[in-house]
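For reference, the chains in residue letters:
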Amino acid sequence: MINLFKYSAPSTFYPLAGKLVPIFWTLAAILGAIGLYISFFVAPTDAQQGQGYRIIFIHVPASWMSMFIYCIMAFWSLLGLTFNTRLSGMMTSALAPTGALFAFLSLWTGALWGKPMWGAWWVWDARLTSELILFFLYIGFIALQAAIDDPRRADRAGALLSLVGVVNVPIIYFSVKWWNTLHQGASVSLTKSPSMASTMLWGMLVMALAFWAYTIAVALMRARTIMLEREGNTEWVHHLPDVKEAA
Amino acid sequence: MQWQSISDFFAMGGYGLYVWGSFGVCAVTMIAEPLLANHRRKQALKDIRNNYLL
Amino acid sequence: MSVLSAYFAALHRDLLLVMRRKTEVLTALFFFVIVTTLLPLGIGPEPDLLRKIAPGAMWIAALLATLLGLQRLFAADYADGTLEQMVLSPEPLSVLVAGKITAHWLVCGLPLVLLAPVIGLQFDLPTDAIGILMLTLLIGTPLLSLLGAIGAALTLGARGSALLVSLLVLPLYIPTLIFGAGAVESYIAGLGAMGHFSLLGALLILAAAFAPWATTAALRISLE
Chain F
1 MINLFKYSAP STFYPLAGKL VPIFWTLAAI LGAIGLYISF FVAPTDAQQG QGYRIIFIHV
61 PASWMSMFIY CIMAFWSLLG LTFNTRLSGM MTSALAPTGA LFAFLSLWTG ALWGKPMWGA
121 WWVWDARLTS ELILFFLYIG FIALQAAIDD PRRADRAGAL LSLVGVVNVP IIYFSVKWWN
181 TLHQGASVSL TKSPSMASTM LWGMLVMALA FWAYTIAVAL MRARTIMLER EGNTEWVHHL
241 PDVKEAA
Chain D
1 MQWQSISDFF AMGGYGLYVW GSFGVCAVTM IAEPLLANHR RKQALKDIRN NYLL
Chain C
1 MSVLSAYFAA LHRDLLLVMR RKTEVLTALF FFVIVTTLLP LGIGPEPDLL RKIAPGAMWI
61 AALLATLLGL QRLFAADYAD GTLEQMVLSP EPLSVLVAGK ITAHWLVCGL PLVLLAPVIG
121 LQFDLPTDAI GILMLTLLIG TPLLSLLGAI GAALTLGARG SALLVSLLVL PLYIPTLIFG
181 AGAVESYIAG LGAMGHFSLL GALLILAAAF APWATTAALR ISLE
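Sequences listed follow chains F, D and C, in order.
The numbering of the first sequence is the working numbering, which starts it at 1 and goes up by one.
The numbering of the second sequence is the working numbering, which starts it at 1 and goes up by one.
The numbering of the third sequence is the working numbering, which starts it at 1 and goes up by one.
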């Protein structure tokens, strides 16, 4: 327990994060390589969708990550509001752009999957529509933080927004599903994915883990930068080796 | 191995545009993002050196 | 001061302030009318089509009109220091906030309910459907005020707050929109609207319980 709190200060977390970043990059590269191999060389050709279904190996993991990251942001937000730690706010802010990226990738790959399969670049099915709304929630968070000048206030406002958001996401998803089933004009659904061969599942899982490692690497990088930006006037920053390297 | 040739691999059974459009954009964004983050970091270090260290 | 009298004091004060600037109330109303007029102008006057889009169109107009009104919820009090006084007062802030939200609804939401029949006729909605629409607006517009208050509190004094509030709050409005407009459409299709109404009602109860509290937390964050 003591060890955990030791790292809750930016000055101690910064070097720790610095050591962790290359580890997670390596992990991401290895997992990514395995995942891509499975995606292209192990997973068989689908009976109905041919080779086009391989997009699933990005689309599904990206969707998972976009939702997972939002939950992690809510977790850090709760921690930050409860214990008033600076680091929690920095982690939440560091995660948001990556979460938004995965939401975007989910939408982009969803469109590229939908067009050849069902003839339309966009279908208003429950999952894609919910993903779009999640993307808006990410953008809202980023916009809110950008609009508030004081970093501490921005952190706490963002934290509250994340918590309100995370509570609303299930409600939004449920309402969109409801809306979708009632308006069954669009009978196409991206949820009708090809029957899952186990290799497909493995491929998605490995890619998801690769994305997860990537997220941690990028988020830690960003968190370190946020620390530099905010604590630029402190002693511990001035004594950092990265700063001391003569310009 | 299910790919008869390299050109088969790129064609992806006719779905090449969509598959590579997906994997391609994914790769581009997942390279651009850390690059941007790194740039932001360099900028922060520069600001600290300029503003606080003399 | 008891909790109830604090609530009514806040409510009464806001209504009094609005009465001195009646034009603000009318602005939201006219916005609602203008937006609902734009839709046929943009889509075409064909009655069948208009009847189909009417519930959704009117609900969206209600969303936008409420958003406009959110600007007034806290901004004026924030600017002249009254809000700080409220935060520092011995009365529970969530009660005062609840009073203000109620005032906002009375000024921005309730008039939409009352105006709905007129607009409904413009869209050639059958009378009973108009009744259902009014009921959905009656339950839904308080929801919009409650959820919107959180956004208004979070963006107090932030740059570009008008657009920012919309960006933050519109995703949260989506369930209300779906159940509200959906109730009317479901009723017209003969499927009955009870399911939608129960869900709307449940959302309203949840929001009434939690939104003032979340708004209070947001106000404290914005005011520190």
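To be clear, the hints were calculated from the coordinates, so they are not data collected in a lab.
A quick note: this is a predicted structure, and the numbers were derived from the prediction, not measured.
All C-beta atoms in this analysis are idealised placements derived from N, C-alpha and C, irrespective of residue type, glycine included.
One or more of the hints may lead you astray.
[Said to hold, decoys possible] Here chain F is said to cover these stretches of chain C; the calculated rule only asks that three of the stretch's residues, wherever they fall, bring their Cβ under 8 Å from a Cβ of chain F:
| hint | region |
| --- | --- |
| 1 | 13-21 |
| 2 | 145-158 |
| 3 | 168-178 |
Now for the hints, and whether the structure bears them out:
Three residues within the 8 Å Cβ limit are the bar, and the region 13-21 of chain C against chain F gives 0, so the coverage statement is violated. With 4 residues bearing a CB less than 8 Å from a CB of chain F, the region 145-158 of chain C meets the requirement of three and the coverage assertion stands. Only residues whose beta carbon comes within less than 8 Å of a beta carbon in chain F count, and the region 168-178 of chain C has 7; three or more means the coverage holds.
Checked against the numbered hints above, the structure breaks only hint 1 and satisfies the rest.
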